[in-house]
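Protein sequence lines, in the order shown, are assigned to chains A and B. Note that the numbering used here has the first sequence beginning at 1, numbered continuously upward. Note that the numbering used here has the second sequence beginning at 262, numbered continuously upward.
Keep in mind that the hints were calculated from the coordinates and are not lab data. It is possible that part of the hints are untrue.
[Unchecked claim] Facing chain A, from chain B, some residues (calculated, C-beta under 7 Å):
(1) Phe275
(2) Gly277
(3) Leu281
(4) Val291
(5) Ala321
(6) Ser383
(7) Pro480
(8) Leu505
Backbone N, C-alpha and C fix where the C-beta goes; we use that ideal spot for every residue, glycine too.
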Amino acid sequence: MIYLASLVALLITAFFSTNSLTGNIIYQWTWSNFSQIFSQSVYHTIILRTLVMAIAVTLTDAIIALPFAFFIAKIASHRSRQVFLALVLLPLWASYLARVYAWINILSNHGVLPSFESHLGLPVTNLAYTNVAMWIVFSYLWLPFMIVPIYGAFERVPDSLLEASADLGAGSWFTFRRVLLPMILPGVVAGSIFTFSLTLGDFITPLLIGGSSSNFIGNAIYDSAINGGDLPFAAALAFVSIAIMAVYLLLARFAGAFEAL
Amino acid sequence: MRFSRLSRAAFAFFAGLVVLFLLGPLAVIVVFAFDKSNVQSLPIRHWTTHWFSVAFHDPAVRSALWLSVKAGLAATIIAVVLGTLVAFGIHRFRFFGRDTVSLMLVLPIALPGIVTGLALQSAFNISHIELSIYTIIVGHATFCMVVVFNNVVARLRRTSTSLLEASSDLGAKPVQTFRLVTLPMLSTALIAGALLAFALSFDEVIVTTFTAGAQNTLPLWIFGAILRGQQLPEVNAVVVGVLLLTAIPVAYAAKIASGDTSEVLGRSTKA
């Protein structure tokens, strides 16, 4: 209830404006926040950049998680399955800041990766403070959120079904495409809801890992709410991400992902 | 599906790489926490536990830690009470708007954490509530509740109501049934849920940023220090401490919920 009331408060706030001199909120209805977002190309760029990043991260995580989850659910022995699950569980729950901080240590100029490369005589990559770094770190951070629902989906597929498919003469690839994939798709969609929403809402990683061209929706919200003191404008921006998630959830609903959440 | 030896090996190799990718970075910070140098780089020349003692004696870290513990405990208690009640309501009764309530519980999961934080800040702002430890607690309780709810509902689904009926058939009063049958049945799910909720609250930054005002929880202190690029060796030691403090309750929760990994794996809330 509190949560819903707060969302309503957010909606209302989005229509207020801020007095540019005093910084106080003017409690009058206005569309100016929204028209500002729609008319200024800065915000178009930010929204587009965030969407592209969210899609890239979601695809990367799906591509890594599918074979990995398949391996633990269907190939690994019972014992090693438990071990693998525990190893996924650890980073899933491990401190988020610790995991971001680790990547600062890895990617920074004197970090693990550059010193490793120079040790081997390889050309040193300078990934720190780029959007490529953002892509790697986001993919790393949200990977467990993709693995878990996909693993759950694989686990629910009975082995007998795969055997039946093979007995009827289907090859591995055919079985995967026609039997397995339709059954695990809800799991993939559920995972993608997490990766999408987490990328959309993060401002910590862009601030700590990203550079000057790493302004995402989350940062824009954070900047106007915390640094700029313009709560109404931040609220309007937050509604852009709510709208994106709403569209995404509607699409996910068609794929029947809610049961897999 | 049948697999050749080669494709099995290929899958296993890939899985090994993924695990390395997941755990390698964690190993890096643990190793660096013992690096004596002010600037963390490889190879490490001198090992020390100096930074842990620096962090431990830093008053800013101490007060942040204390605030995090207080807020985490309070949020966990609220989450356990409310989460359990909602879980019972959803599980037991069919009522008008039941699906809406279920959907509302999915919302904090599906919407970005920053939206939750900003929504709460707007609500506090409109109702003229000053940001304080209480607003932090309310913010944390909203997402901690989801964890408890998930655990309790999962447990309720797997236990049959016939046990409760048998209890009342044998003459137990509702209170007795609750105390002697329901509670023992739920106890591990509740403890696991509470531990996970605390671990989540202890580590939360995004919602806290919007609900904390001028105070620092431990994650906020870490975030600020990294952002300014100051006291980094000390940050490293604190981060390893937080890692341990969150890992212990989670490992314990996983152990007591063993047999049903889904209860722990189903972390359906935001970082």
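Hint check:
no.: 1; hint: Phe275; result: 6 Å, holds
no.: 2; hint: Gly277; result: 10 Å, violated
no.: 3; hint: Leu281; result: 10 Å, violated
no.: 4; hint: Val291; result: 9 Å, violated
no.: 5; hint: Ala321; result: 16 Å, violated
no.: 6; hint: Ser383; result: 4 Å, holds
no.: 7; hint: Pro480; result: 6 Å, holds
no.: 8; hint: Leu505; result: 9 Å, violated
Hint compliance for this structure: hints 2, 3, 4, 5, 8 are not met, and every other hint is.
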